[in-house]
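Quick mapping for you: the protein sequence lines, in order, are chains D and G.
Numbers given in the working numbering equal positions in the first sequence, counted from 1, plus 32.
Numbers given in the working numbering equal positions in the second sequence, counted from 1, plus 208.
Quick caveat, the hints were computed from the structure, so don't treat them as lab data.
Treat the hints with caution; some may be incorrect.
Computed beta-carbon distance windows for the label pairs [said to hold, decoys possible]:
no., chain 1, residue 1, chain 2, residue 2, range
1, D, 105, G, 216, 41 to 47 Å
2, G, 216, D, 274, 54 to 60 Å
3, D, 111, G, 216, 51 to 57 Å
4, D, 46, G, 299, 24 to 30 Å
5, D, 172, G, 232, 32 to 38 Å
6, G, 232, D, 219, 38 to 44 Å
7, G, 299, D, 59, 41 to 47 Å
Covered stretches of chain G (in silico footprint by chain D; criterion: 3 or more residues with CB under 8 Å from a CB of chain D, positions within the stretch not fixed) [stated by the list, open to error]:
no., region
8, 226-239
9, 324-336
No residue lacks a Cβ here, since even glycine has one placed at the ideal position from N, Cα and C.
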Amino acid sequence: MLRASRVFSFSMTLVAVALLIYFGSQGALGPAQDIVSVPLTAVQSFISDITQGVTGVFDAVRDFRRLEARNHDLEEALAIYQAELAELREKGHDYDRLAALLDYNRQGPEDRDYVTCDVIGRDTTGFVNAIQIDCGRRAGVELMDPVVTEFGLVGRVTKVSATGAEVLLLTDPSSRVSVRLQDSRADGVIVGQLTGDLLLSFIPVDAQVTQGERVVTSGLGQNFPADLLVGQVLSVALDERGMYQEARVRSLVEFGRLEIVQVITNFEPVDLSVFEQTTTP
Amino acid sequence: MANYIGIPILLLAAVINATIMPELRLGNGTADLVFLLVMSWALLADVRDAMLWAVIGGMLQDVLSIAPLGTSALGLVIVAFAADAVFGTVSRGNLIVPLVVAGVGTFVYQMITLLLLRMLGLSAVGLGQGLVYVMVPSTIMNVLLILPVFRLMGAVHRRAFPLRARIE
């Protein structure tokens with residue numbers, strides 16, 4: 033009798049959890065989740081501050097060599113970018129003059145609104161590369177907002193509550209970003225890897241891709257604004273079937289050590305749904 | 209009343225899972241404090257209490273995760289019930305059963321979570337990659353931590369449900 037009641041309790045619990053998953057995936061439990069997440073985010077922020085303080089001390093001692101190598105990488109990158117900056121500034125002036133002549137309006141970095149947020153946690157499932165930040169709807173953060181740091185694109189907001197949000201990182205295997213190689217102008221798609229690497233796929237076979245070439249968002253598909261830095265090409269090879277090229281890309285963003293990020297809150301993708309409607313003759 | 213002690217314990221465990229545990233990674237795997245607490249309670253207390261802890265702990269974990277509410281709870285409920293069905297209630301001093309439950313249970317729980325995330329379109333991780341980069345490291349971490357957590361929960365259980373002497 034006792035055994036049957038345990039099986040009955042187990043069955044009822046399974047049914048309740050299955051219903052929870054169904055309604056949760058449909059978004060019906062959003063308001064209830066918001067109520068619970070506000071105090072949880074506050075506790076998470078508090079514990080995260082303490083954790084970062086403690087790990088900061090250990091990191092300084094343990095990561096001396098890693099920081100030396102990273103410093104060297106950043107100094108090299110800085111030297112390259114400084115040389116290009118002067119040239120780009122001149123081209124930027126020419127562009128502004130020509131754009132004014134054509135009355136051509138395009139949103140640039142100076143037009144973007146940013147909200148700076150602290151990283152307060154990481155996704156607990158292990159199969160998803162995502163972080164939690166302490167900015168939510170009250171700070172102007174919305175679903176699908178792009179997230180960046182000064183080193184480049186980090187990811188996008190995939191879950192948001194009143195006071196916090198979850199950001200799917202570029203390195204997550206389900207993350208897909210349309211990008212463009214800055215020199216060869218070839219388009220491709222960045223796919224995240226569970227190991228933390230970035231793989232640039234679907235590069236046309238005839239594209240001349242060089243090591244060190246910068247990769248930026250292309251704006252295609254309207255998932256991200258154009259011209260956000262993603263990383264640099266490390267190596268190029270043909271894919272398994274020989275139909276496209278694939279490149280390993282290194283981002284300057286340290287995805288495992290994010291502490292502060294910025295959310296772009298005024299990115300509004302162009303509505304392309306009108307082009308998907310079928311027209312009757 | 210004694211079961212309500214689980215709520216603050218699980219809340220703290222869920223927050224620690226999201227903030228402190230990621231600093232102690234092995235590959236992409238970490239120890240799962242909520243899982244360890246629920247399994248410990250499943251071996252110490254009545255299975256219905258353990259399933260309640262599984263639902264509460266799983267939901268708190270999912271609020272701090274990309275997964276929809278109930279995703280973690282499903283795996284925790286199944287593993288807690290299976291652990292009780294196979295081993296029943298064990299003594300606080302038992303060393304072998306918690307290790308077996310942590311090892312096998314972590315693998316089953318993570319497999320259920322991964323399959324559910326793939327079905328919901330929230331993860332593109334393959335089973336092979338998930339096994340190597342997440343499940344095996346998480347199992348190692350959980351096995352290392354289960355015994356201290358089990359002893360701690362044993363002390364909590366003794367305080368919450370003291371044995372009463374019966375005079376005949």
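Now for the hints, and whether the structure bears them out:
A beta carbon spacing of about 45 Å between residue 105 of chain D and residue 216 of chain G agrees with the range 41 to 47 Å that was offered as a hint. The supplied range of 54 to 60 Å is met by residue 216 of chain G and residue 274 of chain D, whose beta-carbon atoms lie about 58 Å from each other. Checked against the given bound of 51 to 57 Å, the beta carbons of residue 111 of chain D and residue 216 of chain G, roughly 54 Å apart, stay inside it. Evaluation of the 24 to 30 Å hint for residue 46 of chain D and residue 299 of chain G yields a pass: the beta carbon distance comes to about 29 Å.
In this structure, residue 172 of chain D and residue 232 of chain G meet the distance hint of 32 to 38 Å, their C-beta atoms being roughly 34 Å apart. With their beta carbons about 40 Å apart, residue 232 of chain G and residue 219 of chain D fall inside the hinted range of 38 to 44 Å. For the pair residue 299 of chain G and residue 59 of chain D, the supplied restraint of 41 to 47 Å holds, since their beta-carbon distance comes to about 45 Å. A count of 9 residues in the region 226-239 of chain G with a Cβ less than 8 Å from any Cβ of chain D is obtained; the coverage claim is therefore met, three being the minimum.
As drawn, the region 324-336 of chain G meets chain D at 8 residues by the rule of a beta-carbon pair under 8 Å; at three or more, the given contact holds.
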